[in-house]
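Protein chains in written order, with this note's numbering: chain A, 37 to 334; chain B, 365 to 600; chain C, 784 to 1166.
What the hints contain is simulated information worked out from the structure, not anything from laboratory work.
Among the hints, erroneous ones may be present.
[Claimed, not checked] Derived, one-sided and incomplete: chain B residues facing chain A with beta-carbon distance under 7 Å: (1) Asp-437; (2) Asp-456; (3) Ile-468.
[What the hints assert, rightly or not] Calculated pairs, DSS-like style, for lysine-lysine (alpha carbon to alpha carbon, straight line, at most 30 Å): (4) A/Lys-222 / B/Lys-496; (5) B/Lys-517 / A/Lys-222; (6) B/Lys-496 / A/Lys-201.
Positions of the beta carbon are idealized from the N, C-alpha and C atoms, including for glycine.
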Amino acid sequence: MARFLQYFFNGLSNGAIYSLLALSLVIVYRGSGHLNFAQGEMAMVSAFFAWWYGRSMPIWLAVIAAAVTAFVLGALIERFIIRPIGLRSPFAVVVAAIGLFLGLNALAPFAWRVTNPQPFKSLFPNDAGDFVRIGGATWRYERIGILVVMLVLAALLFLLFQRTKLGLSMRAVASNPESAPLVGIKTGQVLMVSWGLAAFVGAVGGAMVASVNTNVDAAMMFTIFFSAAAAATLGGFDSLGGAVLSGLALGAIENMAAGYFPDLIGQELRFSSSLLIIMIVLLVRPSGLFGSQRVERV
Amino acid sequence: MTALLEVAGLQAGYGPVEVLHGLDFTVGDGEIVVILGANGAGKTTTIRAVSGTIHRRGSIVYDGQDIGRLAADAIVVAGVAQVPQGRGTFVDLSVEDNLRVGAITRKDGAVDEDVDRWFEVFPRLGERRGQKAGSLSGGEQQMLAIARAVMSKPRLLLCDEPSLGLAPLIVEELFRMLQRLNAEQGMSILLVEQNANLAMDIANRVYVLETGRIAATGDAATMRDDDSIRKAYLGY
Amino acid sequence: MGRLPVRIGARTPPHWVLRAVGVLAVGWFLLLPIFQDRRPNEYGELTDICILALAALSLNLLIGFTGQISIGHSAFFGVGAYTTAILITDHGWSPGWTFLASAVVCFGVGVLVGIPALRLKGLYLVLVTLALAQIFPALVRKFDWLTGGSRGITGLRYEQPSWTGLPDGRAGRSEWLYWVALAMLAIGYVIVRNLVKSRVGRSMVAVRDNATAAAVMGINVAVTKTVVFGISAGLCGVAGSVFALRQTQANPETQMFTILGSIVFLVIMVIGGAASLLGPIVGAFAYYRFDEFTRALPDKSYLPEFVQDFLTGRPNLATIVFASLLILLMFVAPLGLVGLAKRLARKVLIVIPRLPVAVPVEVGDPDLPPDDLPADDANVALN
Chain A
37 MARFLQYFFN
47 GLSNGAIYSL
57 LALSLVIVYR
67 GSGHLNFAQG
77 EMAMVSAFFA
87 WWYGRSMPIW
97 LAVIAAAVTA
107 FVLGALIERF
117 IIRPIGLRSP
127 FAVVVAAIGL
137 FLGLNALAPF
147 AWRVTNPQPF
157 KSLFPNDAGD
167 FVRIGGATWR
177 YERIGILVVM
187 LVLAALLFLL
197 FQRTKLGLSM
207 RAVASNPESA
217 PLVGIKTGQV
227 LMVSWGLAAF
237 VGAVGGAMVA
247 SVNTNVDAAM
257 MFTIFFSAAA
267 AATLGGFDSL
277 GGAVLSGLAL
287 GAIENMAAGY
297 FPDLIGQELR
307 FSSSLLIIMI
317 VLLVRPSGLF
327 GSQRVERV
Chain B
365 MTALLEVAGL
375 QAGYGPVEVL
385 HGLDFTVGDG
395 EIVVILGANG
405 AGKTTTIRAV
415 SGTIHRRGSI
425 VYDGQDIGRL
435 AADAIVVAGV
445 AQVPQGRGTF
455 VDLSVEDNLR
465 VGAITRKDGA
475 VDEDVDRWFE
485 VFPRLGERRG
495 QKAGSLSGGE
505 QQMLAIARAV
515 MSKPRLLLCD
525 EPSLGLAPLI
535 VEELFRMLQR
545 LNAEQGMSIL
555 LVEQNANLAM
565 DIANRVYVLE
575 TGRIAATGDA
585 ATMRDDDSIR
595 KAYLGY
Chain C
784 MGRLPVRIGA
794 RTPPHWVLRA
804 VGVLAVGWFL
814 LLPIFQDRRP
824 NEYGELTDIC
834 ILALAALSLN
844 LLIGFTGQIS
854 IGHSAFFGVG
864 AYTTAILITD
874 HGWSPGWTFL
884 ASAVVCFGVG
894 VLVGIPALRL
904 KGLYLVLVTL
914 ALAQIFPALV
924 RKFDWLTGGS
934 RGITGLRYEQ
944 PSWTGLPDGR
954 AGRSEWLYWV
964 ALAMLAIGYV
974 IVRNLVKSRV
984 GRSMVAVRDN
994 ATAAAVMGIN
1004 VAVTKTVVFG
1014 ISAGLCGVAG
1024 SVFALRQTQA
1034 NPETQMFTIL
1044 GSIVFLVIMV
1054 IGGAASLLGP
1064 IVGAFAYYRF
1074 DEFTRALPDK
1084 SYLPEFVQDF
1094 LTGRPNLATI
1104 VFASLLILLM
1114 FVAPLGLVGL
1124 AKRLARKVLI
1134 VIPRLPVAVP
1144 VEVGDPDLPP
1154 DDLPADDANV
1164 ALN
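Can you build the whole structure from these sequences, using the hints too?
Listed below in structure tokens is the structure:
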């Protein structure tokens, strides 16, 4: 039991990070119907911003400042790269996003003249004794912290979408982009905000990864992005709640698969296990576990 | 009667294909104007050109303001709302959210009251306020589409074939609704229709559209007596 | 006449002359090695270009035929490479025969993936193929008894047969491999071209995702799509086989076997133009030169001093330039270089298709639509 709980707790924290990034992907997808391949790399660049700001201000403030920076960058990317290219050919957007993925991955080391991982202060207490003991398993504060941050952010997003005019506009654009201008919604602004918001959430995710790793590195989001994409897919790609639950579930399952089957799966196939899961799920339910049946755009 | 909407030399189309070849028409303040026409005459294109959802040329003056270059969302803010063909409801949103999204441009605090009033007017929508709009029947969705458009408090309502695909009884109910909006709130209405009989009953004036040009115009009463119109559009 | 664009009728003498010139030009370019002596590394470059072109061509078939986007083709590429590597080292096969084996194995794997892919649309298919690309290198590491794990399989060679008269040693081997790669590309091109222009191919393009319409036309969409996925995978596998020989090894660290490989194939296809058969070949050339150019950038001696100072200690310049150019290209030529060339060429020359019904008046009618409109190309590429 203790072993199970241990895998479970650690898996949930990994999963919380998947959830954050999956939320970003879902927000973008709902807005403009694109899969943003560069979402993980945007989060990585944001983590570098947090690291940079953190040299001259308290680390939590730095994370918030980095998330705001990410919001602006995300909005600008939508306005000046994604939207104009999308008007020319939707397929070209896929390639543009891949270009962003490659470019942003290279940009952080270029901009800050660093090639090695840079030290990043933990956002939560992480001394040797900072944990609670539940059923024989230890749950470290820093891991609990990540889960809490994700849940709070997800709750705020839920309120934003359900209780505000901006959220209503975003849901309207997601539901019927052709009709949205007919009620006076500025679709372009909504899309910019969607991308900005997604980058904001992703930036928080990036900061959490940096906090766990206690460093920032250009490759830090690479595998995480694919698990997050798997979580978004499992959640049906248009459901915020689905993204949160699927992220947590995949995190837990990956950890247990690697822990209980060290020979069959182990660390080598750890991340592949979640991808295998989505392949199987999609066979049974072609639009994910929580996805609504609707017309899709690529 | 002063003209609320004055359209002159309106040309519009899709890509290289021009559908409207220079229309002139007006909608007076407080008037119901019907544009009749067969399939492909350019009725929907006319509505879309006025509401700014397609590329158009020519002069479109609404309430003294040239709206011919405004984007669709700005035209709603100016006071022109559209009930699109095929209803254009937000099917994933609840019935209530559909009404609220209609009022998204409004800054006043009376949105809640207006939502409740609509639920009184259409009790069937009230019963389903929490349901997704996509689960409504065609007639209910059309009511919702009209209610949603009116939620933005427009002075001019553009209706694109609201009778399409609906049972005759429901169509009559919808048209009575439009008449009431016109009478009680002084809302001007530009209606394009194939269903000429009912439309001419509530209209003040009629334009007949043929292959992108205005072929005839006149008072609803006069046009009703016109033999050629009767044969072509009224069928008796 | 006299004014641009010049209009000529299809299958008239001027059209035939133009076509002949085009074929000669392309042929001259590809067969250049016969007329010129080249260094082994130049053959190597050309071999790489053929490999990339073949892989991108396999993607092109998939998109052109079924409208499906795959970012899992690096896995088929890898399966092909490993099939060749294992058959040569463990079973002593002659390299040439392993191509056939790779094609068969990858066809099988492709069909296995293609069956579930039938049920998936757009994004979900992208995700599943992405998963495939991510899992492949991990599987290679895991099954080290077969694949040699992270050490990989080394020492692969394709010796030039004596009948070719090529010189012994590395030089002859490079040239021989180029001809092999070119032959594979040519075979792949012919297969894809015939499939796309076949009756089934035309119908598939016409109905694409509309299964009902296809059923009315008497096409079993499910079977067709699955088989096409398999053929596409098979072609990509052959490209992987040649790649293994070119690298003389197969190793899970190789970037082309990871998702980056899939990205490269996709980028090549889009640079060239997804809606055109020549696109992948043009794209492979462009990509290779493009990549070479950006890699050469670290030599900055010709830049002004303040720029050099700015760049000191900053890694990744090449990648940033490459990514920026890629994004820029999507602004300038969203339909790829072939699409751009067609658009420009149409300002100079329009080929008017001959109508199947021989009504003399209509041949050469300037109001007829030109060959393939770019607007249509855009639609073909998607959904």
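So, going through the hints one by one against the coordinates:
1. With a cut of 7 Å, the hint placing B/Asp-437 at the interface with chain A holds, because the nearest CB-to-CB distance is about 5 Å.
2. For B/Asp-456, the shortest C-beta to C-beta distance to chain A is roughly 4 Å, which falls under 7 Å, so the interface hint holds.
3. For B/Ile-468, the shortest C-beta to C-beta distance to chain A is roughly 6 Å, which falls under 7 Å, so the interface hint holds.
4. The suggested pairing of A/Lys-222 with B/Lys-496 holds, with an alpha-carbon distance near 23 Å, which does not exceed 30 Å.
5. Proximity of B/Lys-517 to A/Lys-222 is assessed by CA-CA distance (about 18 Å); at most 30 Å being required, the pair is judged to hold.
6. For the given pair, B/Lys-496 sits about 18 Å from A/Lys-201 by alpha-carbon distance, which is consistent with the 30 Å threshold.
When each numbered hint is compared with the structure, no violation occurs for any of them.
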